[in-house]
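S.K.: Hey, can you work out the whole structure from these sequences and the hints?
From first to last, the protein sequence lines stand for chains X and E.
When you line the first sequence up against our numbering, it's residues 1 to 113, in that order.
When you line the second sequence up against our numbering, it's residues 1 to 112, in that order.
Worth double-checking, as some hints may not be accurate.
Listed next, the in silico DSS-like pairs over lysine-lysine satisfying Cα-Cα at most 27 Å (straight line) [stated by the list, open to error]:
| no. | chain 1 | residue 1 | chain 2 | residue 2 |
| --- | --- | --- | --- | --- |
| 1 | E | LYS58 | X | LYS57 |
| 2 | E | LYS99 | X | LYS57 |
| 3 | E | LYS49 | E | LYS99 |
| 4 | E | LYS69 | E | LYS58 |
| 5 | E | LYS99 | E | LYS71 |
Calculated directly from the structure, the hints in this document are not laboratory data.
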Amino acid sequence: KAGVTQTPRYLIKTRGQQVTLSCSPISGHRSVSWYQQTPGQGLQFLFEYFSETQRNKGNFPGRFSGRQFSNSRSEMNVSTLELGDSALYLCASSIDGSTDTQYFGPGTRLTVL
Amino acid sequence: AQSVSQHNHHVILSEAASLELGCNYSYGGTVNLFWYVQYPGQHLQLLLKYFSGDPLVKGIKGFEAEFIKSKFSFNLRKPSVQWSDTAEYFCAVNPNDYKLSFGAGTTVTVRA
Chain X
1 KAGVTQTPRY LIKTRGQQVT LSCSPISGHR SVSWYQQTPG QGLQFLFEYF
51 SETQRNKGNF PGRFSGRQFS NSRSEMNVST LELGDSALYL CASSIDGSTD
101 TQYFGPGTRL TVL
Chain E
1 AQSVSQHNHH VILSEAASLE LGCNYSYGGT VNLFWYVQYP GQHLQLLLKY
51 FSGDPLVKGI KGFEAEFIKS KFSFNLRKPS VQWSDTAEYF CAVNPNDYKL
101 SFGAGTTVTV RA
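M.R.: Here it is, written out as C-alpha cells:
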C-alpha cells in the first residue's frame, strides 16, 4: 500500500507570494491533518479535514487555509508569505482521524526568502 | 492550557545503555497516546500507541511505554539501545478532538 505523498518536496518563495501544497493520503484514509514543523516551535497542528469538512483548526493566522477534495486529497495554501513561514509542512492521514494512528508523509520543505 | 511536555531536550547514551524518555500531558478525560520517531532524513513513524487496556504497551524495535493515568504520564523505555536508535522522539496526545498535539521532542544520540 502506498504511503502518504506530498508535493512538491521543496519550495523556495519570496515574501508576499502565496503557495499551495498538496497531500495524497493512503488509500482508504478519509482524514487528513496538516502540521508545521520548525526547530523553534516543534510540530504545530494546522488543521484536520474529513470528508471535505474541516473539523479542527490550530492557532494559525487566516493566511493559512486548506481544503479537501472528494477523493480525500488535500491542499493547504499560505498567502502573503512571511519569513517565519519557512518550515517543513507535514501531512498525515488516518482512517477517521479520531482515535486511530496517523501516518505521516515526507513533508514539503518551504523556504521563504 | 492543554499541553504535552517532554522532559529531556537531548539525551546522549552509549550503546547497550537503557533509555527512558519522559512525557506528561495536561489534558483531562480520555486521551489516546502515541510515541513517534523521526530518524535522520526520514519521516515520522509510529513507535507505539495506547488507546485503552493494558497500560504497558509494546512497540516496534524493542520499545515500550507505560501509561500512568494518575500521573498523566506516558514514558517511553528501551532496555538496551543501539546506534540505530539515534533519532528524534516525539510524544503525542489526541484527546479525541481530531487534533494530535506533540511534545517538543527529544533528540537521542547513541554513541557506538
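S.K.: Now, for every hint given, state plainly whether the structure supports it.
M.R.: Okay, the hints, checked on the actual structure:
The hinted pair formed by E:LYS58 and X:LYS57 fails the criterion: a straight-line CA distance of about 31 Å is larger than 27 Å. A C-alpha spacing of about 8 Å is found between E:LYS99 and X:LYS57, which places the hinted pair at or below 27 Å, so the restraint holds. Between E:LYS49 and E:LYS99 the alpha-carbon distance is near 15 Å, which keeps this suggested pair within the 27 Å criterion. Annotation: proposed proximity of E:LYS69 to E:LYS58 holds, straight-line Cα distance about 17 Å (limit 27 Å).
Between E:LYS99 and E:LYS71 the CA atoms are separated by roughly 22 Å; this keeps the pair inside 27 Å, and the hint holds.
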